[in-house]
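Using the sequences provided together with the hints, build the complete structure.
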Amino acid sequence: SQTIHQWPATLVQPVGSPLSLECTVEGTSNPNLYWYRQAAGRGLQLLFYSVGIGQISSEVPQNLSASRPQDRQFILSSKKLLLSDSGFYLCAYTPRESTDTQYFGPGTRLTVL
Amino acid sequence: AQSVTQLGSHVSVSEGALVLLRCNYSSSVPPYLFWYVQYPNQGLQLLLKYTTGATLVKGINGFEAEFKKSETSFHLTKPSAHMSDAAEYFCAVTLFQGAQKLVFGQGTRLTINP
Chain A
1 SQTIHQWPAT
11 LVQPVGSPLS
21 LECTVEGTSN
31 PNLYWYRQAA
41 GRGLQLLFYS
51 VGIGQISSEV
61 PQNLSASRPQ
71 DRQFILSSKK
81 LLLSDSGFYL
91 CAYTPRESTD
101 TQYFGPGTRL
111 TVL
Chain B
1 AQSVTQLGSH
11 VSVSEGALVL
21 LRCNYSSSVP
31 PYLFWYVQYP
41 NQGLQLLLKY
51 TTGATLVKGI
61 NGFEAEFKKS
71 ETSFHLTKPS
81 AHMSDAAEYF
91 CAVTLFQGAQ
101 KLVFGQGTRL
111 TINP
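Chains as they are written, first to last, in our numbering: chain A, 1 to 113; chain B, 1 to 114.
Source of the hints: derived by calculation from the structure; they are not laboratory data. Please note that a few of the clues may not be correct.
Stated by the list, open to error - List of simulated lysine-lysine pairs, BS3-like, C-alpha gap at most 30 Å:
1. B:Lys101 / B:Lys68
2. B:Lys101 / A:Lys80
3. B:Lys49 / B:Lys69
4. A:Lys79 / B:Lys101
Next comes the structure, spelled out in structure tokens:
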């Protein structure tokens with residue numbers, strides 16, 4: 001069966017510190033991968049997506065970046081966090097067998113102080 | 001461009017009553033439509049989806065939705081609300097541009113009164 005993991009579940013970081021959030025998918029090969037941010041009262045915003053290793057598309061200019069070092073691993077990073085980066089970060093994937101549906105991970109709650 | 005409007009950011013119903021969450025979309029091409037549910041501090045769980053074929057789709061937990069092209073709507077219903085249905089619900093429309101992209105509505109928080 002297919003599963004998606006996100007790590008860590010919660011994170012509290014000071015302004016100006018770096019960030020690395022990890023997402024891994026099991027049970028499918030060559031999935032499309034996505035990063036979303038859910039800020040309080042603002043719905044879900046697509047940040048990045050990837051259709052293959054090393055292929056990253058950015059949807060919103062910001063101080064975040066994404067990388068896909070392995071087929072089923074998606075990393076969200078920042079060199080210097082801002083207060084506005086606080087939110088709930090969700091990773092999602094579409095399996096190659098069913099590309100019309102996205103499945104979401106459990107999320108990471110990031111608080112920047 | 002695709003867009004989704006969910007009417008009502010908060011909906012409150014009594015346990016056992018009908019649940020109706022409204023979603024209208026705008027799309028320049030035949031849409032794929034989705035409803036997701038989110039419980040507090042959790043990810044999104046797919047409730048149901050419409051891609052092609054039958055316009056009335058059934059999902060998990062007794063929910064169903066009907067695609068009405070003439071009304072550009074995809075409202076979510078459940079005949080009898082249960083306390084466990086309390087959550088936030090998101091409607092989404094998809095756009096395929098190299099990869100599937102979802103455009104979400106702002107969400108509707110459903111409260112169930114005992």
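Each hint, compared with the structure:
Our distance criterion of 30 Å between C-alpha atoms is met by Lys101 (chain B) and Lys68 (chain B), whose separation comes to about 22 Å. A hinted pair counts as satisfied when its Cα atoms are at most 30 Å apart, and Lys101 (chain B) with Lys80 (chain A) qualifies at roughly 27 Å. About 15 Å separates the Cα atoms of Lys49 (chain B) and Lys69 (chain B), which keeps this hinted pair within 30 Å; it holds. With a CA separation close to 26 Å, the supplied pair Lys79 (chain A) and Lys101 (chain B) stays within the 30 Å bound.
Violation of the numbered hints given earlier is absent; every hint is satisfied by the structure.
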